[in-house]
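There are 2 protein chains.
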Amino acid sequence: MPDHNALPLVILAEKFASLPGIGMKSAQRLAYHVMSMNENDVEEFAQALINAKKNVRCCNICQNLTEREICPICDDDERDKSVICVVEGPKDVTAFERTREYNGVYHVLHGLLSPMDGITPEKLRIKELLTRVANGGVYEVIMATNPTVEGDATALYVAGLLKPLGIKVSRLAFGLPVGGILEYADEVTLYKALENRNNM
Amino acid sequence: MPDHNALPLVILAEKFASLPGIGMKSAQRLAYHVMSMNENDVEEFAQALINAKKNVRCCNICQNLTEREICPICDDDERDKSVICVVEGPKDVTAFERTREYNGVYHVLHGLLSPMDGITPEKLRIKELLTRVANGGVYEVIMATNPTVEGDATALYVAGLLKPLGIKVSRLAFGLPVGGILEYADEVTLYKALENRNNM
Chain A
1 MPDHNALPLV
11 ILAEKFASLP
21 GIGMKSAQRL
31 AYHVMSMNEN
41 DVEEFAQALI
51 NAKKNVRCCN
61 ICQNLTEREI
71 CPICDDDERD
81 KSVICVVEGP
91 KDVTAFERTR
101 EYNGVYHVLH
111 GLLSPMDGIT
121 PEKLRIKELL
131 TRVANGGVYE
141 VIMATNPTVE
151 GDATALYVAG
161 LLKPLGIKVS
171 RLAFGLPVGG
181 ILEYADEVTL
191 YKALENRNNM
Chain B
1 MPDHNALPLV
11 ILAEKFASLP
21 GIGMKSAQRL
31 AYHVMSMNEN
41 DVEEFAQALI
51 NAKKNVRCCN
61 ICQNLTEREI
71 CPICDDDERD
81 KSVICVVEGP
91 KDVTAFERTR
101 EYNGVYHVLH
111 GLLSPMDGIT
121 PEKLRIKELL
131 TRVANGGVYE
141 VIMATNPTVE
151 GDATALYVAG
161 LLKPLGIKVS
171 RLAFGLPVGG
181 ILEYADEVTL
191 YKALENRNNM
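Sequences listed follow chains A and B, in order.
Under my numbering, the first residue of the first sequence is numbered 1, with each subsequent residue one higher.
Under my numbering, the first residue of the second sequence is numbered 1, with each subsequent residue one higher.
Hints may contain errors.
No copy labels: a pair is met if it fits in one copy or bridges any two.
With a cut-off of at most 25 Å between alpha-carbon atoms, the simulated SDA-like pairs for lysine to any residue come out as follows [said to hold, decoys possible]:
1. Lys168 / Asp186
2. Lys91 / Met37
3. Lys54 / Ser36
4. Lys25 / Glu88
5. Lys168 / Pro121
6. Lys54 / Asn40
7. Lys163 / Ser114
8. Lys25 / Phe96
9. Lys163 / Glu39
10. Lys91 / Leu7
11. Lys163 / Glu187
12. Lys81 / Asn199
13. Lys25 / Glu67
14. Lys81 / Met116
15. Lys91 / Pro147
16. Lys54 / Ser18
17. Lys123 / Ser170
18. Lys127 / Arg98
19. Lys123 / Met35
20. Lys91 / Glu195
21. Lys91 / Tyr157
22. Lys163 / Leu182
23. Lys127 / Asn198
24. Lys25 / Glu150
25. Lys91 / Val10
26. Lys163 / Asn196
27. Lys25 / Glu97
28. Lys25 / Glu101
29. Lys54 / Ile11
30. Lys192 / Ile22
The set of hints was computed from the structure by calculation and includes no laboratory data.
A quick note: this is a predicted structure, and the numbers were derived from the prediction, not measured.
The whole structure should be built from the sequences, with the hints applied where relevant.
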């Protein structure tokens, strides 16, 4: 913002702009919006930021974000602990939970391998997954990373570490999205759908 | 977010979602992003929110947001105090300042008339504008609200109050945007461009 603007506003706009997906123009609009909020609401917002950062940690078992030592999913006796679904981040856990069909547990890697960006295996929670599997009681690990270069590479790498432990390692199915139209599917998706066809 | 998520995260996501232009999905992503920031940065963000709200006020003269009693523009002896450009909000001041062509001062209404939304003349800083003009020394007031129903109505309403005071009241020109292509201009813009044509 130009220098005729009040400094605290410029600083606030810069903080908003540092968030992913928010450009300088939106950040400015958000800063102005904060001015129109009442003081109480602004303080609650500030407190929510600090609380989230201070009180949310990684689950000791699955590494998903939680307020407790052990997250509600890992702590739930109804969940099948012998099946672990490995995902990139907490938002993927949310996506699977929305299906209401999965009854196993999760393991959150907190990223995908990307050596070009300096994300090497040590930066992900892979060691913790291996320890979980080594402790026994695990029958299957489902690699549920995105069907992207990084997602596939991570799935392959982790699968390579898990297979010697003698457990079943699977990957999500790729094919036509349900409700999608065949003619609009991209070539790779269509090829995957053909390759992975099922008997009727 | 479903209830398997940590409560402080859910609260933070809701705060983000309460901002204009941020949906629940983006809000969730932003909340997760805050988790990946370091604690210092999160505290600075929280402090920036509080500082902006606490230390930024309206200029005693033009009502633009500033840290001081009188904003830098109203306080600048080089600016022509006899011309006042009336705008909807502080971001419009920024837009005019970017042109580097306007040397008058501003008056920020903090909104546009919209009786359906309960925004009546008393809710805007119109009284302050009338006081400024009544105090003398003003030669021209430029109504620079948006060319929308609310913007036009506000401009007409304020102009009606100012004209009896015997000053010049003008409105921004409407026409083809510079660099635009005639064939893509909407009918109203093209009509305005024709109507307001200038001699060459």
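The hints, checked one at a time:
no.: 1; hint: Lys168 / Asp186; result: neither (30 Å within a copy, 62 Å between copies)
no.: 2; hint: Lys91 / Met37; result: between (29 Å within a copy, 16 Å between copies)
no.: 3; hint: Lys54 / Ser36; result: between (28 Å within a copy, 12 Å between copies)
no.: 4; hint: Lys25 / Glu88; result: between (30 Å within a copy, 17 Å between copies)
no.: 5; hint: Lys168 / Pro121; result: within (21 Å within a copy, 70 Å between copies)
no.: 6; hint: Lys54 / Asn40; result: both (21 Å within a copy, 11 Å between copies)
no.: 7; hint: Lys163 / Ser114; result: within (22 Å within a copy, 66 Å between copies)
no.: 8; hint: Lys25 / Phe96; result: between (34 Å within a copy, 15 Å between copies)
no.: 9; hint: Lys163 / Glu39; result: neither (56 Å within a copy, 38 Å between copies)
no.: 10; hint: Lys91 / Leu7; result: between (35 Å within a copy, 15 Å between copies)
no.: 11; hint: Lys163 / Glu187; result: neither (31 Å within a copy, 67 Å between copies)
no.: 12; hint: Lys81 / Asn199; result: neither (30 Å within a copy, 81 Å between copies)
no.: 13; hint: Lys25 / Glu67; result: between (34 Å within a copy, 21 Å between copies)
no.: 14; hint: Lys81 / Met116; result: neither (35 Å within a copy, 57 Å between copies)
no.: 15; hint: Lys91 / Pro147; result: within (16 Å within a copy, 42 Å between copies)
no.: 16; hint: Lys54 / Ser18; result: both (20 Å within a copy, 22 Å between copies)
no.: 17; hint: Lys123 / Ser170; result: within (23 Å within a copy, 62 Å between copies)
no.: 18; hint: Lys127 / Arg98; result: neither (28 Å within a copy, 53 Å between copies)
no.: 19; hint: Lys123 / Met35; result: between (39 Å within a copy, 16 Å between copies)
no.: 20; hint: Lys91 / Glu195; result: neither (29 Å within a copy, 55 Å between copies)
no.: 21; hint: Lys91 / Tyr157; result: within (22 Å within a copy, 50 Å between copies)
no.: 22; hint: Lys163 / Leu182; result: neither (35 Å within a copy, 65 Å between copies)
no.: 23; hint: Lys127 / Asn198; result: neither (35 Å within a copy, 74 Å between copies)
no.: 24; hint: Lys25 / Glu150; result: between (31 Å within a copy, 23 Å between copies)
no.: 25; hint: Lys91 / Val10; result: between (31 Å within a copy, 12 Å between copies)
no.: 26; hint: Lys163 / Asn196; result: within (22 Å within a copy, 76 Å between copies)
no.: 27; hint: Lys25 / Glu97; result: between (35 Å within a copy, 15 Å between copies)
no.: 28; hint: Lys25 / Glu101; result: between (41 Å within a copy, 21 Å between copies)
no.: 29; hint: Lys54 / Ile11; result: both (23 Å within a copy, 13 Å between copies)
no.: 30; hint: Lys192 / Ile22; result: neither (35 Å within a copy, 35 Å between copies)
In summary, the structure is inconsistent with hints 1, 9, 11, 12, 14, 18, 20, 22, 23 and 30 from the numbered list given earlier, while agreeing with the others.
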